[in-house]
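Enquirer: Residue numbers (my numbering), protein chains in the order written: chain X, 1461 to 1712; chain D, 422 to 611; chain S, 2 to 367.
Hint data in this document are derived by calculation from the structure and do not stem from the laboratory. One or more hints might be untrue.
[As the list claims (entries may be wrong)] Examples of chain S residues toward chain D, derived with CB under 10 Å:
1) VAL123
2) ILE124
3) TYR179
4) ARG184
5) TYR225
6) GLU229
7) ALA275
8) GLY346
9) GLY348
10) ILE349
11) THR350
[Claimed, not checked] Here are the simulated lysine to any residue pairs, SDA-like style, with alpha carbons at most 20 Å apart:
12) S:LYS12 / D:LEU451
13) X:LYS1494 / X:TRP1688
14) S:LYS214 / X:LEU1503
15) S:LYS340 / S:ALA254
16) D:LYS488 / S:ALA254
17) S:LYS208 / X:TRP1688
18) X:LYS1494 / X:CYS1484
19) S:LYS214 / X:ILE1505
20) X:LYS1472 / S:GLY213
21) X:LYS1482 / S:ALA219
22) D:LYS505 / D:ALA529
23) X:LYS1472 / S:PRO217
24) S:LYS301 / S:THR257
25) D:LYS571 / S:SER186
[Unchecked claim] Covered stretches of chain S (in silico footprint by chain X; criterion: 3 or more residues with CB under 8 Å from a CB of chain X, positions within the stretch not fixed):
26) 24-38
27) 293-300
Computed from a predicted structure; not experimentally measured. In this text, a Cβ means the ideal position worked out from N, Cα and C, and glycines have one as well.
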Amino acid sequence: METKEILPKMPKSWNPASKPHKFCPGCGHGLVLKALGQVIDELNIQDRVVFGCDIGCSLLSWDFFNVDTVQTHHGRTTPVMVGIKRANPDLITIAYMGDGGGYAIGSQHLVNAANRNDIITAILVNNTVYAMTGGQMAPTTMPGQKTETTPYGRDIKEAGYPMLGPEMVAAIAHEGAYVARGSIAKFRQLKTFIKKAIENQMAGRGFSFIEALSTCPTNWRTNAEKTWDFVENIMPKYFPIGEYKVPGGKEE
Amino acid sequence: MGQVVKIALAGEGGQGVQSVAQILTEAAALEGKEILYIPNFGVEQRGGVSIAFVQIGDEKIGAPKFKTGDIVIALSDRAVRRVKMHIGPETIFVYDASIEGVEEDLPANAKQVLAIPALETANKELDPRVFNVLIMGAVIGATRVVTIEKAKEAIEKKLGYKFEKDPELRELNFKAIEKGIELVERMGVA
Amino acid sequence: MGSKPIEGERKVFMTGNEAVAWAALAAGADIMYGYPITPQNEIMQYWTRLGPKYDKKFLQTEDELSAGFTTIGGVLTGKRAFTATAGPGNVLMQEPMSMAEAMRIPTVVVIQQRGGPSTGTVIYSQQEVTLTCFGGNGEGLRVVYSTSSHQDLFDYTIKAFNTAWKYRFPTFVLSDGYQAKMRESVVIYDPEARGIQMVPTEPYVGKAGTPGKDRPAAHLRNTYNIEEELLEVLSKDIEEYERVAPEIIEYDAYNTENTDLLVIAHGVVFRSAAMAVKELASQGNKIGYFRPITLRPFPKEQLRQATQQAKQLLVVESAYGQLLKIVKDNLYGLNIPIKTLLRPGVGITPEEIAEKAKALLAGKEA
Ligand SMILES: Cc1ncc(C[n+]2csc(CCOP(=O)(O)OP(=O)(O)O)c2C)c(N)n1
Ligand code: SF4
Ligand SMILES: [Mg+2]
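Next up, chain X with everything else stripped away, as it sits in the complex (with noise of 0.2 Å):
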């Protein structure tokens, strides 16, 4: 068979007239929605999806998709996704968002969301740092990891320990719920996650969430090959990549 692809093909549920997307060449955030518009286009779920985005480098996606979307505040993208789905619970509602978000000024809302079960997906970019506002600490930040309010190094004893998000997410959520952590760098692998964790809501089993470990490196100040080195070889050393909650209990 004759392989007449060369481009790669731009998922039909991604918004042309918004591409180029306004993320910096080497982010990881365009592979992330790249294996979630493949997804959508694969489950045949463009007029039912509302994706919500974050403030964060999250809020560049506002306009990404040809789905109805909602950007809204830092941290609060769960309870809108919450509230939609709560008041129509036809709609498939992705919540997208950065670690900071999740983790750190709305991990009440990851937690709470998880812990009631909600039938939503959140789907939240671990890039260890706040990229939008310049680079900071974010409840990721990997020990000794420099960033511009940890300028010595992430120190542990002072700032405390990285957050492990799926791990918590998983030790709290209840069956029917799916968790896991991908990567950028196993871009396969990310694809299935997202798609089991919407395949989970459509199913109306229980809380789905995602955490893809991606890259920033305009804060990272990264060239390609240590970003890629570090997304691929570093990060999952403390973030492990895997499923950590399986409705029936069958992580990979």
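Chain X is fixed; fit chains D and S with the ligands onto it per the hints.
Expert: Same frame as chain X, now just chains D and S with the ligands:
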């Protein structure tokens, strides 16, 4: 201002001041009066002095709370102290004669101060359960704010479900109303 | 299930919180989101008791941020969604309501004011006027109805849903702990039986068809790239707010012609003011009152007109000058003495107002 009767009832939780207020306002409603009733509420769920502010009149009532009542009733020592601020030269102050150690705290500026043996009467002549209804009788005796007929009707409405199981209780309640009125009248309310 | 919560109308004796729950039901509200706080709790409690009989939903959220943002979510699906809060909860509520203001999302919020600042008291105040009218990092493009009785609470809760959906500005029913907890009579009714049409709602997201194919996708945002882009949006919203304001504005006035003293009060304090004024007027004094019912938009022209014929004003409120600030702002340029009776966090009786008014009328107080 206007023809409004202002009543403040204060007691310990469990003495039933809020249920007295509820029955009294029910009776007033049956008379077609305008009523405004607000319980005090604070941060604590239990333990404070419970006060019911009740106003009954012919026209819409103004402010929900008032400074000085026409009749202020206190059923415990703490209640006596708590309601002092609501007593003025036009106030009839009624307290239970069995409350001890409040001599110093009794209002000096009230129109009348009446110690009525409500608790004793309820316990000895009637039944401890109807103590609060006896208090309601005292309010009616002092204010004539509702008729005894409507008061009985309201009791029937609020407590009728209890009377079905215990018909004797109905008579006890009705007697308590009459007794309460009598206790106050005997003291000679101006 | 599904039958009307109120057929025709009936006179009842209930608390203000209960009246709000009944009004929301009567208005056809679909879902309430809320977080417990005194003195608002019973709204949720009545709603959760009454709701299931009529297929109504409720979500108890993790805080008021969530209560506000989930309410926004509910509204975005085209449902009549609402929430209720007070005091510190109202502070948190300002963040979601500023989003609603920015995006013209027709939220309805009932506020039962309690004492402040901070945890203050759980009882009563009129200290949330500034917060409710101008809270959030915006221009206060909201509608705020200040109620003074259970009838108001019932009427304006219904009206709030219509105002919100007609004009698409966040709408507040501003009440207080006294009104929340007291019992008085109120006529509750089916709006239709009174000829009140509920303004139809529509979804912002999840409309029929595939976005990008059958219809454009909804791309709702509150962030703009450049100053001018924001200014353009805001200018349009401000222009619209000012244009519809005359339709929304409500007030009540009495004896405003050639008065020696015009008393200005809102909310539950207005009841005392009205009693005091009527009593003094019946004794032959030239005294009147003005009550703004909408604190936002404010009945500016009406107040200026009433004021022009008065010798002096008396502003009365259970706050230290929040209504006063609005009044002064709206009377800018008029040369009239403004006297005050400001009692933050406590009730004000007709007697207190009458006493102050008498002293002013007698020229005994400067
Ligand atoms: C209430 C509030 N506080 C602070 C901010 C400023 N702010 C904007 S984005 C952001 C951090 C974003 O970091 P993250 O959530 O990790 O997303 P990223 O940009 O890294 O994708 C902050 C603190 C805000 N918008 N709102
Ligand atoms: S700043 Fe970082 S996270 Fe934001 S778009 Fe650029 S690379 Fe991506
Ligand atoms: Mg981040």
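Enquirer: Decide, hint by hint, whether the structure agrees.
Expert: Verification of the supplied hints:
For VAL123 of chain S, the interface hint holds, the least distance from its beta-carbon to any beta-carbon of chain D being 6 Å, beneath 10 Å. About 7 Å separates the beta-carbon of ILE124 of chain S from the nearest beta-carbon of chain D, less than 10 Å, and the hint is met. Interface hint at TYR179 of chain S: satisfied, since its Cβ lies 4 Å from the closest Cβ of chain D, which is below the 10 Å cut-off. The beta carbon of ARG184 of chain S is positioned within 10 Å of a beta carbon in chain D (closest approach about 5 Å), and the interface hint is therefore held.
Taken as an interface hint, TYR225 of chain S does not check out: its beta carbon lies about 44 Å from the nearest beta carbon of chain D, beyond 10 Å. Given hint, GLU229 of chain S at the interface with chain D, is violated; its Cβ is 50 Å from that chain's nearest Cβ, farther than 10 Å. Among the interface hints, the one on ALA275 of chain S holds; its C-beta lies about 7 Å from the nearest C-beta in chain D, closer than the 10 Å criterion. The beta carbon of GLY346 of chain S is not positioned within 10 Å of any beta carbon in chain D (closest approach about 13 Å), and the interface hint is therefore violated.
Interface restraint check: GLY348 of chain S against chain D, minimum CB-CB distance 5 Å, threshold 10 Å, status holds. For ILE349 of chain S, the shortest C-beta to C-beta distance to chain D is roughly 7 Å, which falls under 10 Å, so the interface hint holds. Evaluation of the THR350 of chain S hint against chain D yields a held restraint, the C-beta minimum of about 5 Å falling below 10 Å. A threshold of 20 Å between alpha carbons decides the hint, and for LYS12 of chain S with LEU451 of chain D the separation of about 12 Å falls inside it, so the pair holds.
Under the criterion of a C-alpha separation no larger than 20 Å, the hint pairing LYS1494 of chain X with TRP1688 of chain X is consistent with the structure, at around 18 Å. Distance hint between LYS214 of chain S and LEU1503 of chain X is fulfilled; the C-alpha atoms sit about 17 Å from each other, no more than 20 Å. Taking the CA atoms of LYS340 of chain S and ALA254 of chain S, the gap is about 18 Å. The hint holds against a cut of 20 Å. Pair hint LYS488 of chain D plus ALA254 of chain S does not hold up; C-alpha atoms about 27 Å apart against a cutoff of 20 Å.
Restraint check for LYS208 of chain S and TRP1688 of chain X: not satisfied, since their Cα atoms lie roughly 41 Å apart, outside the 20 Å limit. For the given pair, LYS1494 of chain X sits about 15 Å from CYS1484 of chain X by alpha-carbon distance, which is consistent with the 20 Å threshold. With a CA separation close to 13 Å, the supplied pair LYS214 of chain S and ILE1505 of chain X stays within the 20 Å bound. This hinted pair checks out: LYS1472 of chain X and GLY213 of chain S have alpha carbons roughly 9 Å apart, not beyond 20 Å.
Between LYS1482 of chain X and ALA219 of chain S, the direct Cα distance comes to roughly 19 Å. Compliance with the 20 Å bound is thereby established for this hinted pair. Between LYS505 of chain D and ALA529 of chain D the CA atoms are separated by roughly 10 Å; this keeps the pair inside 20 Å, and the hint holds. Distance hint between LYS1472 of chain X and PRO217 of chain S is fulfilled; the C-alpha atoms sit about 14 Å from each other, no more than 20 Å. For a cut-off of 20 Å, the pair hint linking LYS301 of chain S to THR257 of chain S stands: about 15 Å separates their Cα positions.
Distance restraint check for LYS571 of chain D and SER186 of chain S: the Cα-Cα separation of roughly 18 Å lies within the 20 Å cut-off, and the hinted pair is therefore satisfied. Evaluation of the coverage hint for the region 24-38 of chain S: fulfilled, as 3 residues show C-beta separations to chain X shorter than 8 Å, against a requirement of three. Coverage of the region 293-300 of chain S by chain X is violated. Counting CB-CB distances below 8 Å, 0 residues qualify, and the rule asks for three or more.
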